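There are 2 protein chains.
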Amino acid sequence: MGWEERKRAALERLRVHLAQGRVDPDILSLLDAINSLPFAYTTSSCSGRIQLYEARAPGEKFDMVSLGKWHSPVEPDEILSRMRGANLWLALLPPIIHAFTCSLEASTFLLKIMREAGFKRACIMNLSRPFIEARGTERLEVPLRLEGRDIVYPEGIRLIVGTANRMLRRAKLRISKLEVMLRDEASRGLDNLCR
Amino acid sequence: MGWEERKRAALERLRVHLAQGRVDPDILSLLDAINSLPFAYTTSSCSGRIQLYEARAPGEKFDMVSLGKWHSPVEPDEILSRMRGANLWLALLPPIIHAFTCSLEASTFLLKIMREAGFKRACIMNLSRPFIEARGTERLEVPLRLEGRDIVYPEGIRLIVGTANRMLRRAKLRISKLEVMLRDEASRGLDNLCR
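Going down the list, the sequences are from chains A and B.
Residue 711 in this note's numbering sits at position 150 of the first sequence, and the numbers go up by one each step.
Residue 587 in this note's numbering sits at position 26 of the second sequence, and the numbers go up by one each step.
One thing to keep in mind: the hints can contain errors.
Since copy identity is lost for identical chains, a pair holds within one copy or between any two.
Stated by the list, open to error - Dumping the calculated EDC-like pairs for lysine to aspartate or glutamate here, alpha-carbon to alpha-carbon at most 20 Å:
1) Lys-738 <-> Asp-587
2) Lys-681 <-> Asp-624
3) Lys-733 <-> Glu-677
4) Lys-630 <-> Glu-694
5) Lys-673 <-> Asp-593
6) Lys-733 <-> Asp-585
7) Lys-733 <-> Asp-593
8) Lys-733 <-> Glu-694
9) Lys-738 <-> Glu-694
10) Lys-630 <-> Glu-746
11) Lys-681 <-> Glu-694
12) Lys-568 <-> Asp-593
No wet-lab data here; the hints were simulated from the structure.
Computed from a prediction, not measured in an experiment: that's the story for all the values here.
Using the sequences plus the hints, can you model the full thing?
This is the structure in structure tokens:
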């Protein structure tokens, strides 16, 4: 499959996921900005979220049970009401943006804009079919309960959720900034970056 | 400066930092394995660490005061005895490996080995002077005190430190695994990956 065909298929997949309500609404406008560029298209991306989950250790995906996911600020009582299980974690997961580009030149161009928008660690995951990942640095990974014992004072959970909400808002601002910068670039009329 | 010259200068810098005791001892042997490859050399890297620090929010480097750093498992009492300040965080920071390579082909080769060793998100940060970053996924970012109020029960701190120590040990195992894989590759006699 050539570049154009792969991009068409990816946009069609996005439309289906949208219709199924499977796309994080806070990232839709950014995805549209990237997909409007002639030299890029997005795959699975996320605008950042707060997540409550049960697991022995963070990062053990197979062992993990999600108890709640919020793409916008959450009330502490919402967290408190869902605390079930012997090992509980509250995470703030940063935005993550995935995009294929048509050439390494296009990757370099997109990386530069992503870094200027504050995604300092944006990088290339694959060279043969150029693929970019940009990940925010906002991150919390806090145990609320371990081995059946509460770790955090109830009042502490309110303070943690307040911090997580502030960090999530900051992450969303960076997403908006990136979108503005990309639309601005696009409006200038871009050179052909697909070789 | 050409590739060979840059590599020589980097190794000389490493020797100076070593003499000054500024290099994390747990990563030295891995750095040596990478630097023994004809197509790569390392820059600032870390084998992973536990860190206690004061800051309003994590990631605000300019505002941060480090209260303790440990590259190997730490005793909970050591953490408890250093808790000073109104906003305190305990972090487990994953290993991070930085390496320049002589060509994109060499980058691809090194990335493949890093991913097989478990550094799934290893990626290329720069194309013109190929530069790789591999970062572990083990991560904790836990507030112990916010706005002057303790967040975590004293017993909870013991459980958190136990978890952090286990995750740190796992990170170090992955570093050893990568080293073994690289030395094994090197012993096979490598093709010229510098074009």
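These are the hints, each one checked on the structure:
In this assembly of identical chains, the alpha carbons of Lys-738 and Asp-587 lie at most 20 Å apart only when taken from the same copy (13 Å versus 39 Å across copies). Proximity of Lys-681 to Asp-624 under the C-alpha cut-off of 20 Å is restricted to the inter-copy arrangement: shortest distance 18 Å between copies versus 31 Å within a copy. For a Cα distance limit of 20 Å, the shortest separation of Lys-733 from Glu-677 inside one copy, 15 Å, qualifies, whereas the shortest one across copies, 33 Å, does not. Taking CA atoms no more than 20 Å apart as the test, Lys-630 paired with Glu-694 passes in neither setting, with 22 Å inside one copy and 30 Å between copies.
Proximity of Lys-673 and Asp-593 under a CA criterion of 20 Å is satisfied intra-copy only: 19 Å inside one chain copy versus 32 Å between copies. Taking the shortest Cα distances, Lys-733 and Asp-585 sit within 20 Å of each other inside one copy (12 Å), while across copies they are farther apart (35 Å). For a Cα distance limit of 20 Å, the shortest separation of Lys-733 from Asp-593 inside one copy, 16 Å, qualifies, whereas the shortest one across copies, 41 Å, does not. With identical chains, the CA atoms of Lys-733 and Glu-694 are at most 20 Å apart within one copy only, with a shortest distance of 17 Å there and 25 Å across copies.
For a Cα distance limit of 20 Å, the shortest separation of Lys-738 from Glu-694 inside one copy, 17 Å, qualifies, whereas the shortest one across copies, 25 Å, does not. Taking the shortest Cα distances, Lys-630 and Glu-746 never come within 20 Å of each other, neither inside one copy (33 Å) nor across copies (43 Å). Within a single copy, Lys-681 and Glu-694 get their C-alpha atoms as close as 11 Å, and across copies as close as 13 Å, so both meet the 20 Å cut-off. With identical chains, the CA atoms of Lys-568 and Asp-593 are at most 20 Å apart within one copy only, with a shortest distance of 13 Å there and 43 Å across copies.
Hint check: violations occur at hints 4, 10; the rest are consistent with the structure.
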